[in-house]
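Those protein sequences? They're chains P and R, same order as listed. Okay, so the first sequence: first residue is 11 according to our numbering, each after it adds one. Okay, so the second sequence: first residue is 338 according to our numbering, each after it adds one.
Treat the hints with care, as some may be off.
What the hints assert, rightly or not - The list that follows gives simulated cross-link-like pairs (lysine-lysine, PhoX-like), each with its CA atoms no further than 20 angstroms apart:
| id | chain 1 | residue 1 | chain 2 | residue 2 |
| --- | --- | --- | --- | --- |
| 1 | R | K401 | P | K107 |
| 2 | P | K107 | P | K68 |
| 3 | P | K32 | R | K357 |
| 4 | P | K67 | P | K78 |
| 5 | P | K67 | P | K52 |
| 6 | P | K107 | R | K357 |
| 7 | P | K78 | P | K32 |
| 8 | P | K52 | R | K403 |
| 9 | R | K392 | R | K351 |
| 10 | R | K403 | R | K392 |
| 11 | P | K78 | P | K52 |
| 12 | P | K78 | P | K107 |
What the hints assert, rightly or not - Partial selection, computed: residues in chain R whose CB lies under 8 angstroms from chain P:
| id | residue |
| --- | --- |
| 13 | V356 |
| 14 | F376 |
| 15 | E400 |
| 16 | P423 |
| 17 | S426 |
| 18 | P440 |
| 19 | G446 |
| 20 | S450 |
| 21 | I451 |
| 22 | L452 |
To be verified - A few chain R positions that, by computed beta-carbon distances, are all more than 10 angstroms from chain P:
| id | residue |
| --- | --- |
| 23 | Q379 |
| 24 | L381 |
| 25 | M382 |
| 26 | H422 |
| 27 | R434 |
| 28 | G444 |
| 29 | R448 |
Since the hints were made in silico from the structure, they are not lab data. Every residue gets a Cβ at the ideal spot worked out from N, C-alpha and C, and that includes glycine.
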Amino acid sequence: GENVEQHPSTLSVQEGDSAVIKCTYSDSASNYFPWYKQELGKRPQLIIDIRSNVGEKKDQRIAVTLNKTAKHFSLHITETQPEDSAVYFCAATVSQKLVFGQGTRLTINP
Amino acid sequence: GAVVSQHPSWVICKSGTSVKIECRSLDFQATTMFWYRQFPKQSLMLMATSNEGSKATYEQGVEKDKFLINHASLTLSTLTVTSAHPEDSSFYICSARGRGGQPQHFGDGTRLSIL
């Protein structure tokens, strides 16, 4: 089955700097890769997603890149702000089911 | 659009009690609903997948007689934790997906505490 590895588990950056979170997946049939932001005790919120026919997608300060050959994808957050502090999860899907990474606790230091 | 409502948000009950959690898609038809469990500081683990009108498909290691799932309509799925014990205490989250496929839309989650 699918296995998704996410790194780092924790990340601390200065406000205004960029943050990068990386994920690898095992199943070459995976075709959809969403990223979720989860604040404590709340639902995961979809922040960006990418499909396997695209290499990069950007939405304002957030971007995702996908390397199908290497089976890894990354989340890039630029000009980080305190409200970006949360836990971020990557996921990959095959056969319609999402498999989540372990999560990254991102802390933005003012 | 694509709002998923989950109820209740928080349950505290005694060991041995059965607890029902509802997941509703408010503005779209959810052909598929998913139930996840999340322990503190851990990731979301898929428990089961349910399609409207058919039996749920459970992930390996999840007891189907313990976690009863019903997806009776295109807008409602329920998870019943039967004879709950302290080790069942967790954050349970549902998600729903419409006919168009991804993405999944998540409910607010239910924090279940078994005393």
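Hint numbers the structure violates, sorted upward?
The structure conflicts with hints 2, 3, 5, 6, 8, 9, 11, 13, 14, 15, 16, 17, 20, 21, 22, 23, 24, 25, 27, 28 and 29, although it agrees with all the remaining ones.
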